[in-house]
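There are 2 protein chains.
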Amino acid sequence: MNIETLGIVLFDGFETLDVMGPVEVFGRLPDCKVKFISPEGNKKTSSQGVAIETEKVTNPQYKYLLIPGGQGTRPLAIDKEYIYWLKQQVEYTSYCMTVCTGSALLAATNLLNDLSATSNKLAFEWVTSINNNVNWQPKARWVKDDKFYTSSGVSAGIDMSLQVVSDFYGLQQASTIIKSMEYVWNDDASHDPFAVNLA
Amino acid sequence: MNIETLGIVLFDGFETLDVMGPVEVFGRLPDCKVKFISPEGNKKTSSQGVAIETEKVTNPQYKYLLIPGGQGTRPLAIDKEYIYWLKQQVEYTSYCMTVCTGSALLAATNLLNDLSATSNKLAFEWVTSINNNVNWQPKARWVKDDKFYTSSGVSAGIDMSLQVVSDFYGLQQASTIIKSMEYVWNDDASHDPFAVNLA
Numbered sequence: 052m053n054i055e056t057l058g059i060v061l062f063d064g065f066e067t068l069d070v071m072g073p074v075e076v077f078g079r080l081p082d083c084k085v086k087f088i089s090p091e092g093n094k095k096t097s098s099q100g101v102a103i104e105t106e107k108v109t110n111p112q113y114k115y116l117l118i119p120g121g122q123g124t125r126p127l128a129i130d131k132e133y134i135y136w137l138k139q140q141v142e143y144t145s146y147c148m149t150v151c152t153g154s155a156l157l158a159a160t161n162l163l164n165d166l167s168a169t170s171n172k173l174a175f176e177w178v179t180s181i182n183n184n185v186n187w188q189p190k191a192r193w194v195k196d197d198k199f200y201t202s203s204g205v206s207a208g209i210d211m212s213l214q215v216v217s218d219f220y221g222l223q224q225a226s227t228i229i230k231s232m233e234y235v236w237n238d239d240a241s242h243d244p245f246a247v248n249l250a
Numbered sequence: 052m053n054i055e056t057l058g059i060v061l062f063d064g065f066e067t068l069d070v071m072g073p074v075e076v077f078g079r080l081p082d083c084k085v086k087f088i089s090p091e092g093n094k095k096t097s098s099q100g101v102a103i104e105t106e107k108v109t110n111p112q113y114k115y116l117l118i119p120g121g122q123g124t125r126p127l128a129i130d131k132e133y134i135y136w137l138k139q140q141v142e143y144t145s146y147c148m149t150v151c152t153g154s155a156l157l158a159a160t161n162l163l164n165d166l167s168a169t170s171n172k173l174a175f176e177w178v179t180s181i182n183n184n185v186n187w188q189p190k191a192r193w194v195k196d197d198k199f200y201t202s203s204g205v206s207a208g209i210d211m212s213l214q215v216v217s218d219f220y221g222l223q224q225a226s227t228i229i230k231s232m233e234y235v236w237n238d239d240a241s242h243d244p245f246a247v248n249l250a
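For the record, the sequence lines run as chains A and B.
Heads up, the first sequence is in the working numbering, so the first residue is 52 and it goes up one at a time.
Heads up, the second sequence is in the working numbering, so the first residue is 52 and it goes up one at a time.
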């Protein structure tokens with residue numbers, strides 16, 4: 052199972068590392084291209100000021116999708132038109148990943164209903180308030196359920212991405228990427244050092 | 052000592068996370084703006100396909116500078132015109148950081164001569180060959196000497212950036228950023244899990 056193209060949903064106020072951690076991991080695979088997408092097809096700027104051009108996508112076309120978090124998720128999670136667009140994109144996927152508060156957007160589509168998922172622990176109360184039909188996990192670095200991988204905050208997206216690489220391409224490929232990134236992988240999804248932040 | 056603006060040198064073939072890890076850390080400071088710069092002022096694309104607009108800078112204007120690594124450093128380290136431009140930028144700084152093979156570019160300016168520095172361990176032989184008047188450290192997550200902070204490969208740039216935040220703003224500020232990033236900081240510069248990669 053190869054990820055030839057990974058679509059990454061961008062919006063103003065995305066969190067830089069939510070996007071760029073996974074880009075670093077998947078971009079190191081031999082044949083994986085990363086595409087940035089939005090309903091508008093314009094430039095989107097992260098909370099830290101990084102501006103990225105996006106491709107305008109109406110009809111879904113990406114089988115692998117990643118939804119980052121960030122302050123920009125707050126208005127979008129209650130924007131019905133946006134969530135309708137996102138739902139169409141996610142329904143089309145074979146696999147869909149979220150980082151941080153990206154799971155709030157995914158939860159708003161109702162496609163996570165009755166499934167287990169996680170999110171940023173400092174924003175956990177807000178995220179879980181978006182949809183209480185999700186089995187929200189307060190202690191998890193990432194969660195896989197059905198076709199969804201949802202991760203905890205920001206840096207957890209790197210750990211989750213390495214797990215996806217390991218699941219799809221094998222542990223050896225993940226190890227090669229780890230070494231070249233000089234990254235210390237937390238490879239245990241149940242080890243969540245930030246779970247204690249939950250009130 | 053506040054970093055009001057951090058200039059980040061971009062070139063084609065920069066490594067995505069070398070740049071975006073530090074952007075995430077410094078971008079979370081209350082009053083720090085990040086600017087992407089180059090001698091040409093055009094768009095620069097990372098090895099993973101991330102395209103970023105840069106500001107054309109001729110006369111140096113940034114007191115704080117970060118130089119990332121990546122495949123793009125290979126031709127630039129022997130490009131005399133580029134290294135002359137870079138040397139002018141670095142001479143102007145109060146502090147200059149490098150990530151990964153960014154230290155090869157810095158070493159090529161001769162401004163690291165007789166100082167201690169480190170770099171990516173998988174690329175160590177090439178980096179050290181650029182200038183053997185540097186006290187290259189084969190086992191270090193990052194090194195501070197004089198006004199320079201040089202880090203090991205890719206992810207090490209995040210650890211180094213957190214140290215810079217701690218040095219400039221205090222440990223409490225670094226801790227706040229760590230929690231919001233859900234990042235497990237390797238705060239010990241001498242702990243280098245990738246030193247063993249050195250032949």
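These are calculated hints, taken from the structure and not from any lab test.
Among the hints, a few may not be true.
[What the hints assert, rightly or not] Below are the SDA-like pairs computed for lysine to any residue, each with C-alpha atoms no more than 25 Å apart in a straight line:
{"id": "1", "chain 1": "A", "residue 1": "LYS94", "chain 2": "B", "residue 2": "LYS195"}
{"id": "2", "chain 1": "B", "residue 1": "LYS114", "chain 2": "B", "residue 2": "GLY100"}
{"id": "3", "chain 1": "A", "residue 1": "LYS190", "chain 2": "B", "residue 2": "SER231"}
{"id": "4", "chain 1": "A", "residue 1": "LYS94", "chain 2": "B", "residue 2": "SER98"}
{"id": "5", "chain 1": "B", "residue 1": "LYS195", "chain 2": "A", "residue 2": "VAL235"}
{"id": "6", "chain 1": "A", "residue 1": "LYS190", "chain 2": "A", "residue 2": "THR227"}
{"id": "7", "chain 1": "A", "residue 1": "LYS84", "chain 2": "A", "residue 2": "GLU55"}
{"id": "8", "chain 1": "B", "residue 1": "LYS84", "chain 2": "A", "residue 2": "GLU104"}
{"id": "9", "chain 1": "A", "residue 1": "LYS131", "chain 2": "A", "residue 2": "GLU91"}
{"id": "10", "chain 1": "B", "residue 1": "LYS230", "chain 2": "A", "residue 2": "LYS131"}
{"id": "11", "chain 1": "B", "residue 1": "LYS107", "chain 2": "B", "residue 2": "ILE129"}
{"id": "12", "chain 1": "B", "residue 1": "LYS84", "chain 2": "A", "residue 2": "LYS107"}
{"id": "13", "chain 1": "A", "residue 1": "LYS86", "chain 2": "B", "residue 2": "LYS195"}
{"id": "14", "chain 1": "B", "residue 1": "LYS94", "chain 2": "A", "residue 2": "CYS83"}
{"id": "15", "chain 1": "B", "residue 1": "LYS230", "chain 2": "A", "residue 2": "GLU55"}
{"id": "16", "chain 1": "A", "residue 1": "LYS94", "chain 2": "B", "residue 2": "LYS230"}
{"id": "17", "chain 1": "B", "residue 1": "LYS94", "chain 2": "A", "residue 2": "LYS131"}
{"id": "18", "chain 1": "A", "residue 1": "LYS190", "chain 2": "A", "residue 2": "LEU173"}
{"id": "19", "chain 1": "B", "residue 1": "LYS94", "chain 2": "A", "residue 2": "LYS190"}
{"id": "20", "chain 1": "A", "residue 1": "LYS107", "chain 2": "B", "residue 2": "PRO111"}
[Claimed, not checked] Partial list, computed: chain B residues near chain A (C-beta under 10 Å):
{"id": "21", "residue": "MET52"}
{"id": "22", "residue": "ASN53"}
{"id": "23", "residue": "ILE54"}
{"id": "24", "residue": "LEU68"}
{"id": "25", "residue": "VAL70"}
{"id": "26", "residue": "GLU75"}
{"id": "27", "residue": "LYS84"}
{"id": "28", "residue": "PHE87"}
{"id": "29", "residue": "ILE88"}
{"id": "30", "residue": "VAL108"}
{"id": "31", "residue": "PRO111"}
{"id": "32", "residue": "TYR133"}
{"id": "33", "residue": "ILE134"}
{"id": "34", "residue": "SER206"}
Even for Gly, the Cβ is constructed at its ideal location relative to N, Cα and C.
Hint check:
Restraint check: the Cα-Cα separation between LYS94/A and LYS195/B comes to about 37 Å, which exceeds 25 Å; the hinted pair is violated. For the suggested pair LYS114/B and GLY100/B, the alpha carbons sit about 29 Å apart, so the restraint of at most 25 Å is broken. Between LYS190/A and SER231/B the CA atoms are separated by roughly 16 Å; this keeps the pair inside 25 Å, and the hint holds. With a CA separation close to 20 Å, the supplied pair LYS94/A and SER98/B stays within the 25 Å bound.
With a C-alpha separation of about 22 Å, the suggested pairing of LYS195/B with VAL235/A holds against the 25 Å cut-off. About 28 Å separates the Cα atoms of LYS190/A and THR227/A, which puts this hinted pair outside 25 Å; it is violated. Distance hint between LYS84/A and GLU55/A is fulfilled; the C-alpha atoms sit about 6 Å from each other, no more than 25 Å. Of the pairs offered as hints, the one joining LYS84/B and GLU104/A holds, with about 20 Å between alpha carbons and a cut-off of 25 Å not exceeded.
Using a Cα cut-off of 25 Å, the hinted pair LYS131/A and GLU91/A holds, with the two alpha carbons roughly 15 Å apart. Restraint check for LYS230/B and LYS131/A: not satisfied, since their Cα atoms lie roughly 31 Å apart, outside the 25 Å limit. For the proposed pair LYS107/B and ILE129/B, the alpha carbon gap of about 21 Å is at most 25 Å, so the pair holds. A hinted pair counts as satisfied when its Cα atoms are at most 25 Å apart, and LYS84/B with LYS107/A does not qualify at roughly 29 Å.
Distance restraint check for LYS86/A and LYS195/B: the Cα-Cα separation of roughly 37 Å exceeds the 25 Å cut-off, and the hinted pair is therefore not satisfied. Restraint check for LYS94/B and CYS83/A: the C-alpha separation of about 22 Å stays at or below 25 Å, so the hint holds. A distance of roughly 34 Å separates the Cα atoms of LYS230/B and GLU55/A; the hinted pair therefore is violated under the 25 Å criterion. Taking the CA atoms of LYS94/A and LYS230/B, the gap is near 29 Å; set against the 25 Å cutoff, the hint is violated.
For the proposed pair LYS94/B and LYS131/A, the alpha carbon gap of about 35 Å is over 25 Å, so the pair is violated. Between LYS190/A and LEU173/A the CA atoms are separated by roughly 12 Å; this keeps the pair inside 25 Å, and the hint holds. Between LYS94/B and LYS190/A the CA atoms are separated by roughly 41 Å; this puts the pair beyond 25 Å, and the hint is violated. Between LYS107/A and PRO111/B the CA atoms are separated by roughly 38 Å; this puts the pair beyond 25 Å, and the hint is violated.
Evaluation of the MET52/B hint against chain A yields a violated restraint, the C-beta minimum of about 21 Å exceeding 10 Å. Here the hint on ASN53/B is broken, as its CB sits about 17 Å from the closest CB of chain A, past 10 Å. Violation of the interface hint for ILE54/B is found here, the shortest Cβ-Cβ separation to chain A being roughly 13 Å, above the 10 Å cut-off. Annotation: LEU68/B was flagged as interfacial toward chain A, and the flag holds, the nearest CB pair being 4 Å apart, inside 10 Å.
Given the 10 Å rule on beta carbons, the hint for VAL70/B holds: about 8 Å separates it from the nearest Cβ of chain A. At about 4 Å, the closest approach between the beta carbon of GLU75/B and any beta carbon in chain A falls short of 10 Å, and the interface hint on this residue holds. Hint on LYS84/B holds. Least Cβ distance to chain A is approximately 7 Å, under the 10 Å limit. The closest approach between the C-beta of PHE87/B and any C-beta of chain A is roughly 8 Å, which is under the 10 Å cut-off, so the hint is satisfied.
At its closest, the beta carbon of ILE88/B sits 13 Å from a beta carbon of chain A; the interface hint therefore is violated under the 10 Å criterion. With a cut of 10 Å, the hint placing VAL108/B at the interface with chain A is violated, because the nearest CB-to-CB distance is about 17 Å. Interface restraint check: PRO111/B against chain A, minimum CB-CB distance 21 Å, threshold 10 Å, status violated. Checking TYR133/B against chain A: minimum C-beta separation of about 24 Å lies over 10 Å; hint violated.
Checking ILE134/B against chain A by beta carbon gives a least distance of about 25 Å; that is not within 10 Å, so the hint is violated. The closest approach between the C-beta of SER206/B and any C-beta of chain A is roughly 4 Å, which is under the 10 Å cut-off, so the hint is satisfied.
The structure fails hints 1, 2, 6, 10, 12, 13, 15, 16, 17, 19, 20, 21, 22, 23, 29, 30, 31, 32 and 33 (numbered hints given earlier, in ascending order).
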